[in-house]
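Let chain B serve as the given structure and place chains C, U and F on it in line with the hints.
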Amino acid sequence: MSVYVDENTKVVVQGITGRDGAFHTKGMLDYGTKVVAGVTPGKKGQEVHGVPVFNDVATAVEKTGANTSIIFVPPQFATDALYEAADAPGMKVVVCVTEGIPPLDMVNIYDFYLDKGVRLIGPNCPGIISPGKSKVGILPGNIFKQGNIGVVSRSGTLTYEVVDSLTRAGLGQSTCIGIGGDQIIGTNFLDALSAFQIDPETQGVVLIGEIGGTDEQEAAKFIADNMDKPVTAFIAGQTAPPGKRMGHAGAIIAGSEGTAAEKIAAFKNVGVPVAKIPSELPELMAKSL
Amino acid sequence: MSVYVDENTKVVVQGITGRDGAFHTKGMLDYGTKVVAGVTPGKKGQEVHGVPVFNDVATAVEKTGANTSIIFVPPQFATDALYEAADAPGMKVVVCVTEGIPPLDMVNIYDFYLDKGVRLIGPNCPGIISPGKSKVGILPGNIFKQGNIGVVSRSGTLTYEVVDSLTRAGLGQSTCIGIGGDQIIGTNFLDALSAFQIDPETQGVVLIGEIGGTDEQEAAKFIADNMDKPVTAFIAGQTAPPGKRMGHAGAIIAGSEGTAAEKIAAFKNVGVPVAKIPSELPELMAKSL
Amino acid sequence: MKLQEYQTKSIFEERYGIPTVEGAVASSPEEARAIAEKLRSRVAIKAQVLVGGRGKAGGIKLAENPDDAFEKASAILGMDIKGINVKKVLVVKAINIAQEAYVGVVLDRKRKCPVVIVSGEGGVEIEVVAKETPEKVHQFPINPCAGMRPYKARTIIGKLYDDQNKIKAGAKILMGLYKAFIDCDASLAEINPLVVTAEGDVLAVDSKMVLDDNGLFRHENLAALRNLDEENPAENEAREAGLSFVKLDGNIGCVVNGAGLAMATMDLVKHFGAEPANFLDIGGSSNPEKVVTALKIITRDPNVKVILFNIFGGITRCDDVANGLIKALDEFKVDVPILVRLTGTNENEAREILSRANLPMFTTMDKVVSEAAKLAS
Amino acid sequence: MKLQEYQTKSIFEERYGIPTVEGAVASSPEEARAIAEKLRSRVAIKAQVLVGGRGKAGGIKLAENPDDAFEKASAILGMDIKGINVKKVLVVKAINIAQEAYVGVVLDRKRKCPVVIVSGEGGVEIEVVAKETPEKVHQFPINPCAGMRPYKARTIIGKLYDDQNKIKAGAKILMGLYKAFIDCDASLAEINPLVVTAEGDVLAVDSKMVLDDNGLFRHENLAALRNLDEENPAENEAREAGLSFVKLDGNIGCVVNGAGLAMATMDLVKHFGAEPANFLDIGGSSNPEKVVTALKIITRDPNVKVILFNIFGGITRCDDVANGLIKALDEFKVDVPILVRLTGTNENEAREILSRANLPMFTTMDKVVSEAAKLAS
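Chains as they are written, first to last, in the working numbering: chain B, 1 to 289; chain C, 1 to 289; chain U, 1 to 377; chain F, 1 to 377.
No wet-lab data here; the hints were simulated from the structure. Any given hint could turn out to be false.
Derived SDA-like pairs (lysine to any residue); straight-line CA-CA distance at most 25 Å [claimed, not checked]: (1) U:LYS61 / U:SER74; (2) U:LYS2 / U:ASN85; (3) F:LYS110 / B:ALA265; (4) B:LYS287 / B:ALA169; (5) F:LYS179 / U:ILE182; (6) C:LYS92 / U:CYS145; (7) U:LYS110 / B:PRO89; (8) F:LYS168 / C:GLY18.
The following label-pair restraints were derived from C-beta to C-beta distances [said to hold, decoys possible]: (9) F:ASP301 / B:ALA265: 27 to 37 Å; (10) U:ASP183 / F:ASN165: 29 to 39 Å; (11) F:GLU240 / C:GLY117: 44 to 54 Å; (12) C:ALA265 / F:HIS138: 56 to 66 Å; (13) U:LYS110 / B:LYS268: 51 to 61 Å.
We treat Cβ as the ideally placed atom computed from N, Cα and C, and that holds for glycine.
So here's chain B without its partners, still in its complex pose (with noise of 0.2 Å):
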């Protein structure tokens, strides 16, 4: 087992003719996920790195039994391949990687993956790796260590600081899920604890917050209502101004709510150790499982 991504999943790459969409096709390969198509229109025939490339994603899964889908497009064109990606027949999960796509497409887009019953991860992430089996992302793979520590984070970067801080700690990873930061995203942090939750593979949860809404209050009610597995949390931003916006869309102070402060009492509340810095983090954890 392992949440969302495993040795069964097959990857279509959309954009995989692009900078960045050939770049991490490479390193999927390297670290020996299933990339078996890219797609980009009118290129046909091409091959990047020896993956073959079709002109559309209903042809690529036809063709290779795609499941699963990573989206690299620019954000002009990337809602138009959110839509193409759920609408492909035996597609199961899609990671958009792509920053900079408008929320009001992400509304409508979240509607057509519910009703599909396709896993969107993100936008604005980067993507998901269960260790040892697959890596659907940019991440970088060497960092990661197959264990039972499940990971979820509305951060990039920051993720993999921690993640690199679990490794060193020896404490490997189930799953690691970048959920994104942007406002509208497919899946949240209930969402990825709940698949934890019924993870056999995962024995303790690090969920990685930041500033700007109130996902983590949800997650901390959910982690109390729901979860007998120890969690621990970490929450960046805890200095930053309020109003000041801080890259991400969600990373906003909206009035009183949203506040480091608050996320990490909603936590503490409810019994979730938090880290003050990050590399506090393995520590925690460790006493936690």
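What follows is chains C, U and F alone, placed relative to chain B:
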């Protein structure tokens, strides 16, 4: 029991202050239907035949506990009325009598109703009656008699014709549903047949179809696969010239599909007796019971 | 409501950016010549009628030069195609066709969404292709909320072409066609054939749109395009009065409420060995004036030997119908017998009203129809 | 991207039919007088700045006549409101307010749809109302596929008014506001206050719209409305280079990839007792030029005593960052120490590249930040 409406049905009439709305409100009240509210924007505080009028459906439902709506508003406003009805918390069944709603509006409305889990009957239909319990529609109540025959029909007045003859032959009805003759309708033959199949009060079903589309062919297949209660049928339009529009948007012969002959053959193939003329139906039904 | 080819062509081109063949509509041979002169090319002259099969009927001709265009237009204008007199021709540049395809959007009552139909077999009736070689017809249901997305248009058009430029051009046309279908409340929007020219351009060579009558109330500009002169005048008059009327060849005039009952009544007329003179549905919510109009239209048909009323009141009130019948008899003379069957809502009031007219009254549909059949034979 | 009131007002009025108060924008006292003359009325002079609380800061004044308008505009133009120099004023007719309300549309990340917020408490900050009297704030999630239906607009506005005419007028305004929100890819569209005048008219008296930066690529005309002169020049420069930069008051310049890691880095700076000079996220897919721009902007800040790089490569390649850093050092002189922590994608290539610059390299975030804090103190 009975199907969709019964003694617990509490009705709000949308368009109650119009000519047809007011007239059929009286008809429903006279029949014994619990008409608890009416809606016409801007007419809050009025009464129609003793029924209080509200500005909007949500308030009407909140104040009166209505769980069923019937819509009499003109086609220009009916699309809005349909959305409003399904959006009111607690709404279970909506009957739309209005004729002339653009079918592309119905495409979106159909999905909205699916999403909300509200049962839509119509549009362009005479409504539904569970004799002796509740009438939500424009059907002439006096021709119905409580009993064990379920009736489902694409037609309005032809239904009355058939029901009248059933009643005269001593065959009372559990529920009679006019599903309407438009292209996009909420409740179709399959919905009604499966409801009749599980309704303990219904012992047999009369189905009244007409030319156009393939709903009857699908009904025949459904009966063969899923029903053990006897069904008898009549198909109107056996002599209609091909290509001529016969009033209902649905009543168009499209290419080789949708002729009465095809539909009759589909029923006969699965052992469903088909009446040559409407007045034959009671005897056919009685024989099948 | 069907639009003429030239009307649809201009809507497709001007409002939805669909490339069509250059040309214009003409009502006279002189106009046809002038258009041909302007086009500086061989031209095709196409009869503008709302019936199918105009090509086989000789309604489409090629002309080599402006004088030839005058000749050919003279031949087509005034021609009778399936009972329709040709009043207009479309004069367009003749093109070199390399490939023909079909693309259309219809509403699917079963899937409850718009469906795009494409086929590599263009320029022929799609119904025939669907019947004879169903594997050549591809259907794609469209999610109404997502609409026609570029990937979907490319995937669909990919069934027709391999070349990426043609797929791009075709996808753009399909996106325009779908938008036209939705914007105009159409029940059909169709390009047949969609042509790839010898030069590699993708063009709509014949454009067709049928608008759903229920949507016309919000499209005044489109409703104004109705081609009245091609419709049966009686059917026009009926539609304006809110009646649904179809002229037929028999001799029993039928006034019925509800399409289903009206069809069942016609079936019963045939069952008793006679022929209906019409289909007529006076609809729900009928007011007395509708009945007056209905009788006016029916009595104008010299074939009609007997008129039967078959009314089962619901939203239609029997007293409204009775009042209309009395009013009509007061306004004009009806020379043929009128047999009446009225039952349902306000039936007693109706019987009361009709008692003074002394018309034969019936209680069942079987009886009124069999009696009418007897009288008509 | 925030729009100025006068910009939003004209979008609301001209494109979405929302009635607003008559008036125009002025950049000088003379223009303000001319507008007042034209309006033939008492006028309100409103500072056009993108920060809240301009009323309390004296940025809104009433003027009795054109000369008074000149005086008041003179007082407001050039005024400093929360660090922003007022360059424009909106001059509008003074109106008689009978009732004030709030109506706004925002995107709800939790419910994943647009939400309409209304309150009978208008003319004050809605956040304050929501905090102090939450029962006075009503929220209505809108189904994105169905859109803003008339019944919904009436039901929502029915929370504000009892009178049917006001409900009708308010519902029409709300439908326009919602359409503006959707069409413009806004993250906020707001009328505060929505006013009922003494004469019974319903008007938008203050109009506000914030556009989502991610949607701007498809709204060239809106993107052109950006109010550059109110933004921090360094932040503008950063945005144009594709960087996310926020100026802060400390002395440790931070170059980080990823918003989360950048915030965590700032937190760690504080944890070690120092203060960050900025938030800077060089983003994913960084090319060397971004790093050059980032260093240019940071070194311009005289407070900066030390610069730290904290890069964890993923989509960002460490070698790109290293190349950028070398390029910057070649182009201009940096007088403060630069501490570098690079790890992840192409880390070895990056170390190779940086070896010739002889910069202090670190392996962990804790170490690079604590060292920077030490140097800055």
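* Check each numbered hint against the structure and report the violated ones by number, ascending. => Hints that this structure does not satisfy do not exist here, as all of them hold.
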